[in-house]
Amino acid sequence: MLQIDRLSIGRGDRVLFAGLSVALQPGELLHVRGANGCGKTSLLEAIAGLRRCAQGGIRSTPDELARHWIGHRNALSPSLTPRENLQFWAGLNGADTGAADEVLAAVGLGAGVRRRAVRSLSAGQKRRSALARLLLQPRPLWLLDEPLDGLDADGIALIAGLLRDHLHGGGGVIMTSHQPLPAGLPAVRELALDRAGQP
Amino acid sequence: MSAVAALLRREAWLAARSRSDWLMPPFFLVVVVTLFGLGAEPNDPRLARFAPAILWVANLLAALLTLERLFRADHEDGTLEQMVLSPLPLYLVAACKLLSHWLLTGLPLVLLSAPLGAMLGLDTAAVVALVAGLVLGTPCISAVGGFVAALTVGLPRAGLLLPVLVLPLIVPVVIFGAGAVRSAQQGLPVDAPLYFLAAILAVCVTLVPWVCSAALRNAVD
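Chains W and F, in that order, are what the protein sequence lines are. Note that my numbering has the first sequence beginning at 1, numbered continuously upward. Note that my numbering has the second sequence beginning at 1001, numbered continuously upward.
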């Protein structure tokens, strides 16, 4: 599904990665671990297509649009409601705008929350709204940067369910998390980066 | 097409929630032009002579008020990253943002400028030239300002940098725009300065969305 060959990424004068090679198979979750600043987010950004690679390459079976990217920032306009934000993302990506309510309900956001401005929501509710984008349209590869941040126990269990369903459906996930991964996820593989950005 | 509609609809939603953002430029224009009127001697004929420059500079400064935030909010909350990854080409995203800026800021300024011009003593022919010039010139201000806003979106204190970079670039627009009004005041043809404004607008429409998209992609990288 995804093949990374001898990937090198730099930030300024610093080399974050040199010679990183890893593959992801369908139905597999790659958990990228490492200390702060070791380049976990940069790796995901490079796979998403947001960051240039200094050397090496990333090859994927589906085309580049067939991946979801949920970064540190939630990509939600604070003055709009979660529903309006999701309707916008659905429209921009050619998905069904009418599905916004349904996917927000699927991540546990009730009708009252869906009609409030994002700026008035808690961090966990904002994170759930951002993760609801994963359900707007099916894409085989999910790239998730600290997706569990701000979520309570119910939220983590809910996201674990989404991950399980996606993996069982043959999708792939690459995610970073400082928290322990929820139990019961199939085919989890660890990728530990040290401080020098080496696997 | 639905992606473009979604983008324009979102801009309308954002404008409806942040009324101060689009009410501020017209308010600024009215206050500045009125202060010139109040500061001059009553019925001073020199006011009409300076009116083209007053109105064009006030329009330019009013339009600059909201340009800094054109891409900044999207950059800060991560929306820009997602736009870069969306199937809609980034130059179309930039074009929609620039169009919405002109509709929400430039167009109200154009509409307000006609009565303000009359208030400063412009005759009918001069007011028509003023409006025609602004119709062609304010989209250029949105485009050039949007380009600079895209270039500086990742920089701290870009709000201070933006006018310094935009004002020199927009000098030809002000020269031809105010020149058209002066020509009308003197009974001369206004075609030439308006054609020059139209040419500048054509260049802006053709090039700016592409250079904006390159600047935005660079800001995300």
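Because the hints were derived from the structure by calculation, they are not lab data. Glycine included, C-beta positions come from ideal geometry on N, C-alpha and C. Misleading hints may appear alongside valid ones.
[Unchecked claim] Residues from chain W that face chain F, not an exhaustive set, calculated with beta carbons under 10 Å: (1) R6; (2) S21; (3) V22; (4) R33; (5) C38; (6) G71; (7) R73; (8) A75; (9) N85; (10) F88; (11) N93; (12) G94; (13) T97; (14) G98.
Hint-by-hint comparison with the structure:
1. The beta carbon of W:R6 is not positioned within 10 Å of any beta carbon in chain F (closest approach about 21 Å), and the interface hint is therefore violated.
2. Taking 10 Å as the C-beta contact cut-off toward chain F, the hint placing W:S21 at the interface is violated, the least distance being around 23 Å.
3. With its C-beta approaching chain F no nearer than about 21 Å, W:V22 sits outside the 10 Å limit, and its interface hint is violated.
4. This hint is violated: W:R33 has a C-beta 23 Å from the nearest C-beta of chain F, more than the 10 Å allowed.
5. Of the supplied interface hints, the one on W:C38 is violated, with its beta-carbon coming no nearer than about 20 Å to a beta-carbon of chain F, more than 10 Å.
6. About 6 Å separates the beta-carbon of W:G71 from the nearest beta-carbon of chain F, less than 10 Å, and the hint is met.
7. A hinted interface residue such as W:R73 counts as satisfied when its beta carbon comes closer than 10 Å to some beta carbon of chain F; here the least separation is about 3 Å, so the hint holds.
8. The interface hint given for W:A75 holds, since its Cβ lies 4 Å from the closest Cβ of chain F, which is under the 10 Å cut-off.
9. The restraint placing W:N85 at the interface with chain F holds, with a minimum CB-CB distance near 9 Å, inside the 10 Å limit.
10. Interface restraint check: W:F88 against chain F, minimum CB-CB distance 4 Å, threshold 10 Å, status holds.
11. Interface restraint check: W:N93 against chain F, minimum CB-CB distance 6 Å, threshold 10 Å, status holds.
12. A least Cβ separation of about 6 Å between W:G94 and chain F falls short of the 10 Å threshold, and the interface hint therefore holds.
13. This hint holds: W:T97 has a C-beta 7 Å from the nearest C-beta of chain F, less than the 10 Å allowed.
14. For W:G98, the shortest C-beta to C-beta distance to chain F is roughly 12 Å, which exceeds 10 Å, and the interface hint is violated.
Checked against the numbered hints above, the structure violates hints 1, 2, 3, 4, 5 and 14; every other hint is satisfied.
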